Amino acid sequence: MHTRERNEKALRERFPGLYDLYVKPFGEKGAAGKDGADIEVSESKSGKPALKYKGVAIHSMYKPEEESARPVAGLDEGTKKVWVFGLGFGYHLQGFLEKGFRVSVIEPSPEIFLSAVNNADMSEIFKKCEIFVGSGYRQKLYSSDLSESAKIVHMPYRRGFENELAKFESAFMVRSFLARKRLKVLLVSPIYGGSETTYRYVADALENLGVEVGHFDATFFSKSFFRLGEITKNQQHLALLRSKFTNMLSEAIAASADEQKPDLLLAMAQAPLEMEAVTRIREGLKIPTAFWFVEDFRTLKYWDKIAGHYDYFFTIQRGEFFEKLAKAGAKHVECIPQAASPAIHKPMELSEDDMQKYGSDISFMGAGYRNRREFFKGLLDYDFKIWGTEWNLADPVGRLVQNRNERMKPEEYIKVFNASKININLHSSTQLAGIDPVGDFVNPRVFEIAACGAFQMVDQRAALPPLMEAGKELVTFSSLKDLREKIDYYLKNEEEREEIARAGRVRALADHTFERRVEEMLRMIIENEGDRLGQKESRYDTKSRNIVKNMIEEAGDKPDLVEFLKKFDPEKPLSLKEVMEKISGGEGALSKVEGVFQMVDQVLIEK
Amino acid sequence: MKKILVLNHTRMGDLIQTTPLLAGLKEKYPDSEVTLLGNVKFASVCKHTPNIDNLMILDVMQFIREEGETSILDIYRYLENLVDELKEKRFDIVINLSHSKFSAALTRHLGVKEVHGFNATDDGQRLINDPWLVYFSSFLSFRKLNTINLVDINQLGGGVKPNARSLALETEEPEKSALAVLERIGIKNGERVIGIQAGSSLKERRWPSEHFAAAADIVSRKRGAKVILFGAPSEVELGKEVESAMKEACVNLVGETSLEELIGLVKRCELLITNDTGTMHIAASVGTPSVALFLVHAFAAETGPHSIGNVIIEPDMECFPCAHNTTCPHYACLSAVTPEEVAEAAEIVERLKTDPDCTVEPNLFPGKRLLTQYFDEAGLLDLRPVTKSRLKDEDILARMYRYFFALQAAKGLNDGYWKTKLEKDYVEWPDGKTVEWTGKKIEVFQKLASASQKGIKMLGDAEKNYRKGKVEKVRSIGDAISELDGEIEVLGHANMELKPLVRLFELGKENLTDGDVGAMMVKTKLLYKGILTGTAFMIRLLGVWSSRSKSRQNKETVEECL
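Protein sequence lines, in the order shown, are assigned to chains B and X.
Take any residue in the first sequence, note its place counting from 1, add 52, and you have its number in our numbering.
Just so we're aligned: 521 in our numbering is position 531 of the second sequence, and the numbers increase by one with no gaps anywhere.
The following block holds chain X by itself, in its conformation from the complex (with noise of 0.2 Å):
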């Protein structure tokens, strides 16, 4: 039997993220013990989630004070005794999802040889283990090229398969709890409902209220449906602003429901409206659907609801997703979305529930990307376009990419994978462009591949100095390589193309962790075939794209001859 830890206590959206991996490693472990370690906030959401087999709370606030007051012994024996009792356990496996050191300084403290994720050494630095959360760590510098979702990645770092899950959370006892509620603001069995989630954890994220209110109305007024406004208790204030703002009659909940409560009543609601938020990963998980605004920082590629059936809304703007830690002299994207366009947006969920391939004119909803979510071949969740849009050179790339890392997910994929989907969903960029493009970009991803295999040679050059305990010959050959490794990350900055590969690589360096130079020697050299074996793949699939580029340019030729 395994005993598996699973660590993840930092946000409650990050938590249900977690679900599928959860069901997945109870598939791949039938008799196994799963822990999981969370936080105190969202303990009653921890009690809904399916497949933990024991649940440890985190709960150090009960020990903060005011400044000075908190005792650091309290805490120190409560983490001590944590440690203590989660040692006891002797886990098989830890997994652990969480970015924060703390987590990581506990993974190292519980010294289990199978680690996922982040970890530490001996003497306290961290590092990660398991080459799907390295992933993890680097996609934030290459957004627009990673199109695996993030629950995705969770189950590959857990060592678990992508099987088409949804994100889920066992609603029996909080439908029973919204039961009350229910019937407190009035509302009766098979009345239609609708529910908006305004807020979002940063203030700059937010569709405007206003917008919020008049998409309300509008979908209220079509539906004949209630609208229940749901938020946290920070965002009182803003559940007011709705509140004042609609003209139809709403319920405001905002702030007053407990958690067990808000899963019940979103699961009670027929369409949520609402930006990327931790409730919007609710309704994916009690197969509520969504139209779900993704702006400024957020991006549905990421963060995206993980299950089907939902609607999402980006802006089609140069600039987004804005990188994190930017503040926008003038969040644009924000008022590029209207009211009306959300409300047409809620008559698409419909449509898909009956026509999952269904597609949209673009010129409905001009400088915004309308996208729904499907399970692909791999297993991995997907957005496809529901307005057919302009081929960009980055989905090129994105899909490429997507296609090279898919592989090392799941077998029995080919070409089609990528390319069919290109064809089918965009709308393409004149043929002849592309053949340009593609040689211009086989070029680049040429002179990465040049450089690793000088990186390969050098590291040749040194094992055999090494051995022959020449110290100061691979040492100036040590300075060469850093010197390389200097130019393949400036090639990284400068192309974006490469930087997946680029970024990889640089993290890879950051992990190896064992003092040994000639294990690390091996390993370096590891890294650097993977940076080959990468630009290998896009270099064949970019010639792939381009030659059958050439031969459509031929046969429109011969067309417009005839």
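Okay, chain B solo, but in the shape it has when bound (with noise of 0.2 Å):
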């Protein structure tokens, strides 16, 4: 069998969904076998195959075979797993498997990645490790114990591939940090708002890094703060009321934390917390407080007077906002923008009847603007669809709502995503009657649109162009003129437009979820506050024999127990907490297993 066609065989076996992303899609085309353009193939000293990526070498052209010994010395006894970073041909993995180390490899470029299949004999490697192309190990990352790994980069992708190896570096930093520790973040919600959703998405994604997350959600508290405006409609009164209530969550916050001994604060924009009970959770609980202001600067101006009472301010703006901060007091500054939430955000299979009713040619989905009531206006003449609320409904744009202003869970809205052929997306102005020239930030729905695999065309924003690409991973436009003319343009193509949409949601998985951000502000923490971050004993490690999978495996003479444990979170260490919950909440009479371990809660309760 010649060398391409084992390889593929072999990667066909194990990794069926690289072979499908990377390597099918050329021998469909007719290219099977060839190489990119930036790929330099040529036979080494010894007869191996070498590879040279955009001139630089990726191995040695004398004996490649050789670097096989030299990353495994140097390695922590006791390590057993080596995350490499470059793949290349492969020739430096040989000495871990045969050292027996358990061996991930990422490969940051799917040029390289096809010219293996299509140059070196890689089937023991792809039998033998674990292999991820682009981003795709980031998942993987995540949920690994790295106690006992080790990070190697293959010596040549320190050039050329900086920016990847950078992310590769801040996920493993951050997930070692958190295998050997221990981090409870109290994370606080605002009592209603734009940020309430960005609250959830990152409680997930916090907790999907395998941070301990304690709650507090200012949202139940909703009602009540609206019924305030109710019973009066004296400003001065209501202005009093409302900030003794925002006092007393405040107040309330405090108390949690307290309760809760978190090991890091982390409020939402718009969070009812006073600076004055920050400061207290600050020194009371020797703890770092983070603030991440999702909101446009200019628009909302508070900021001003709580920057500089946070260890970390989160923004998504920068520049001109960044010294505006350092003037405020701010200590660490840092832009994270919003993102996308891949387990909410994705492609979809629509039925017929979705189709037709969230479909049309264009669409837009977000709430009813003045710009956007002004600049919609200009599309009146196509196929265009408006979701939404707070349209107002009588004028003619309004009359395109579909969804006659309810409110719509994220569940829904991104079917209109799915079934639209393009997406607007027009960044809001309460003053303007259109585009923002100046308008910076990235909204949510840019990257949302983007990880639905849906395509989109969004008003030029200056943050934008490091984020997304335009013209390849998105389109941008910059006046309803050029929209009509674009949006005319790719109704026709549609091939062009499946393939921006495509790229646009690979980009987002890549470099636009929640878990990065999540991870990157993190990264700071962990840099600026070092070891002091966190609590000692470990949840994750490997040695704590209270961790599911553990117990799990210690358990195995004991299936009624081992079927019990299985319905709790094999990384985490058993919550007894969490064990009573689901005992309490099933139906019948007791098992045997729940029995006992009512007692196992007592007794600790007891003791």
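To be clear, the hints were calculated from the coordinates, so they are not data collected in a lab.
Be a bit skeptical, because a hint or two may be false.
What the hints assert, rightly or not - The calculated lysine-lysine pairs, modelled on DSS-like cross-linking and capped at a C-alpha distance of 25 Å, are:
no., chain 1, residue 1, chain 2, residue 2
1, X, 411, B, 644
2, X, 91, B, 634
3, X, 79, B, 644
4, B, 132, B, 192
As the list claims (entries may be wrong) - Calculated Cβ distances over 12 Å to all of chain B for the following chain X residues:
no., residue
5, 91
6, 99
7, 115
8, 162
9, 179
10, 180
11, 182
12, 337
13, 343
14, 398
15, 448
16, 471
Being a predicted model, the structure only gives us computed values, none of them experimental.
Glycine included, every Cβ here is placed at the ideal spot set by N, Cα and C.
Combine both chains into one complex, guided by the hints.
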């Protein structure tokens, strides 16, 4: 069998997803076995194939097979697994495999990966190693216990893949920290408003990263808060009532923090926290405090009074805002853009009915801000559907609103993204009539549409270029005229639309998930706080026998117990609180396992 | 042969207070095999507890490490083994006297038919099997009306007739081990020794350390006795305080004795001066009399030493005993008792040895009640005032209730059971007031009686409709019954004298677990009937008390006229 065929066979067996994504399309295009433009393969002195990428030698041109011995030396004792950045032709991996290490390999370049399949004998490596291409490693890394793992960078990848390497190292650093130490974050929501959704996504992301999340969900109090508005029309009275209400919640957050004993406080924009309480939490619990200001600093100006009171202040804008924040006394500032939550924002197969209902040539999903109401008048002659809230249903644009201003859940509105040929995204403005010429930050919808694998056209934003590539991952417009021309063009070119949408999704999943954002925040905090952060005993310490998967292993002789334990997150230590909740939530008579757990819980309480 | 498991593993005092039950079980089932599940902390006491055939020790502490380091699986396996081991023994009876949810879960798991005490339903809800143990959980809400000692409730709850059994521990081994200590501290054979236990599990329940010191000084001088200070390792500081406040020499053994040595040493003492403590129960079980101070929350009617010959001192204050979980702003009762009074009480202990019925003038102990115990004709421990005190309405009611409940425990009692004691031990109220008072009380009991009659009638209607399948009607009657029960609850809150009947009724309802509506209705009806029986009984006794007062009043009027 030919080398390539052997490789393809091994790949199909073990990693069919990689085969489908990175190898198969070339075969279908009749380009099987052909390398990309940046690839240069030659025969080394020893006869093995050697590789250059963009002119940089990925392997030795003399005896590439000798690379295998080098990286194994110098690993910590107790290392059982290595994460290698750079696959190339895999020569450098042999040493790890021979010494019995478990090996995960990350190949940042699809081109190099394809070339390896085409030219080198990879079948052993595909059989024995875990292979990731692009950013596909991240989910695996987040859920891995890194306490016995080492990170290896194949030297030639230090040049040419600086960005990808930095991302990998950051994820590895954060996960290793979490493997070593237990970290509990108290996450504080706003009473209501846009950052409420962000709060929920952040909570999920933190948990996915292996951080324990304690909540203060202030939305629970929103009804009471709004009820205050019905009590009086006197604005002075109302302001006083609201301030007392916020003050009470602020105290409640401080009390909750004292109860939950987090290692870090993370408050979302508009969280009802007064600075005195923030200081008390920081000093009382000796923990860092952070705030994510997911707002436009020009519209909402309260940042001025709070930025100096948090240890970490995260924004969605930079430039001029950073200077102002420095003046306001902010200590550590970082721009962390909005993101998507891939568990929610995902491609969908829609039914005929749903296609009928949610589909159209162009669509817009969002609130009826002034600029949108004005700007969309210019699109009235298209097959145009609008979804969202706060529209004037009586005016001509409002007549396009499909859901009569009723709130839609993300699970529903992603159907709009998935069903529309073109998703228009126009950043909001309360004052302007159309596109904001100096708008900088990027709204969540940019990432949400992209993560759905849907095609979008978005107004030009200063902060967009480094995040999404215009013309490749989405399409931008600068005026109504520009937009209309592009709509006409892309309605006619379905394949281009699909290509851009696909690339947009790859990019969003690689770079714009809430996991990435949270990881970025944690990286900054961990770098600054060092070992002061977090609690000594690690929940992820493999020595700790209370981690569910370890318990399952140890309880192998007790099938009923194993079955019961499988109901819990295998990566986390068993929480008796969760066990008791599960037991009391169950129906019928308690099983023996449940009964014994009840006793375990009690003796630990009574001790 | 009956196989019996007794669970009582929370505190040392509790364990000692189980000894009469264990003795009673052996009398009731002579060829039984009794297993006690004890706590590792008191394992050495368990060893000297008579009437146990198998001792099993619960030792979860061996697995406890620093936070997060304790292996859940180790504890799981340990408890599973324990459960399996206990299950294998196929017990016929489980007596669970521990209040803990743990013991309730364990009891349920053993699946034994005859359970006395705390248990759980199959879906994990707690319930109490046995009316006496329901009583046990209720009396804290009517403390001043309960006169049945915990030890007797334990026996009754375990299905054993109280039969004037004192606490008892085996002392042979402990006495031997105490010999070495006595030699070390220089106490010779024949020397007089008194013991002091100044601690108590609750700090604020302690009589002040300088008072203990002063009382010990007086008694020690008077008797020419040596003084030993006892206490737990956590009470070392307190021991030093007493030691340094004493003028006479003493041997401070606080925190230095094993439980075994403690038992032997307490037996060696001729008297123990103590708060309500485990050491006090040890003294009661080895025949050493105590002067026991019951202050703040501690109430001798409940946890007084279950033996005779002790003198108990209680403050005679309206607020006494404090409800549990109360933090008092002044703790005036702690300083209400003086060292001189305690020393005087020690003299009464001596007098009781030859004259068990002796009394003293109340003015010797102003603001205090001195009590001593005896076993009554029902075999229950009872308290009798050593100081003749003025009769309070709660005393009358408590005596009546005692009679009511004693009738459930023993046969052959008559009205003399409560009446003669009131006449003998107390200085009475002016009779006129008694007549008026009993009238009012009768009215209150009648209110409760008519409420429960209403309940019985409603249940009758509900049953009829239920048989006819009229679900809606049954439901609406059910709502009316809930409302009625709310009224009964309010009556109980508003009238202290009704509380025992109301509280037992409420707990009875909480313990109804059968799902079948018909059966529930029958059982609920029985609960209402229970109230009716109680109210009828109390109304009759109040009537007796009233007419007796009337006749005395008439007699006195005649005498006055003459």
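Would the non-interface assignment of residue 179(X) survive a Cβ cutoff of 12 Å against chain B?
Holds, because the least Cβ-Cβ distance between residue 179(X) and chain B comes to about 43 Å, which exceeds 12 Å.
Hinted pair, alpha-carbon criterion (25 Å max): residue 411(X), residue 644(B). Please report holds or violated.
Since the Cα atoms of residue 411(X) and residue 644(B) sit roughly 53 Å apart, the hinted pair is violated (cutoff 25 Å).
Is the Cβ of residue 448(X) farther than 12 Å from every Cβ of chain B?
holds, 32 Å
Measuring Cβ to Cβ, find out whether residue 115(X) lies farther than 12 Å from everything in chain B.
Violated: least Cβ distance 10 Å, not greater than 12 Å.
Straight-line Cα separation of residue 91(X) and residue 634(B) no greater than 25 Å?
Holds: residue 91(X) and residue 634(B) sit about 18 Å apart, inside 25 Å.
Please confirm whether residue 182(X) is truly not at the interface, meaning its C-beta sits more than 12 Å away from all C-beta atoms of chain B.
Since the minimum Cβ distance to chain B is about 42 Å, residue 182(X) lies beyond 12 Å and the statement holds.
Verify that the Cβ of residue 343(X) lies farther than 12 Å from every Cβ atom of chain B, and report whether the claim holds or is violated.
holds, 42 Å
Does residue 644(B) lie within 25 Å of residue 79(X) when you go C-alpha to C-alpha?
holds, 17 Å
With 12 Å as the threshold, tell me whether residue 91(X) passes as away from chain B on beta-carbon distances.
violated, 5 Å
Between the alpha carbons of residue 132(B) and residue 192(B), is the straight-line distance 25 Å or under?
The hint holds at about 17 Å.
Beyond 12 Å from every Cβ of chain B: is that where the Cβ of residue 337(X) lies?
holds, 43 Å
Since residue 471(X) was said not to touch the interface, does its Cβ keep a gap of more than 12 Å from each Cβ of chain B?
holds, 28 Å
In summary, the numbered hints that this structure violates are 1, 5, 6, 7.
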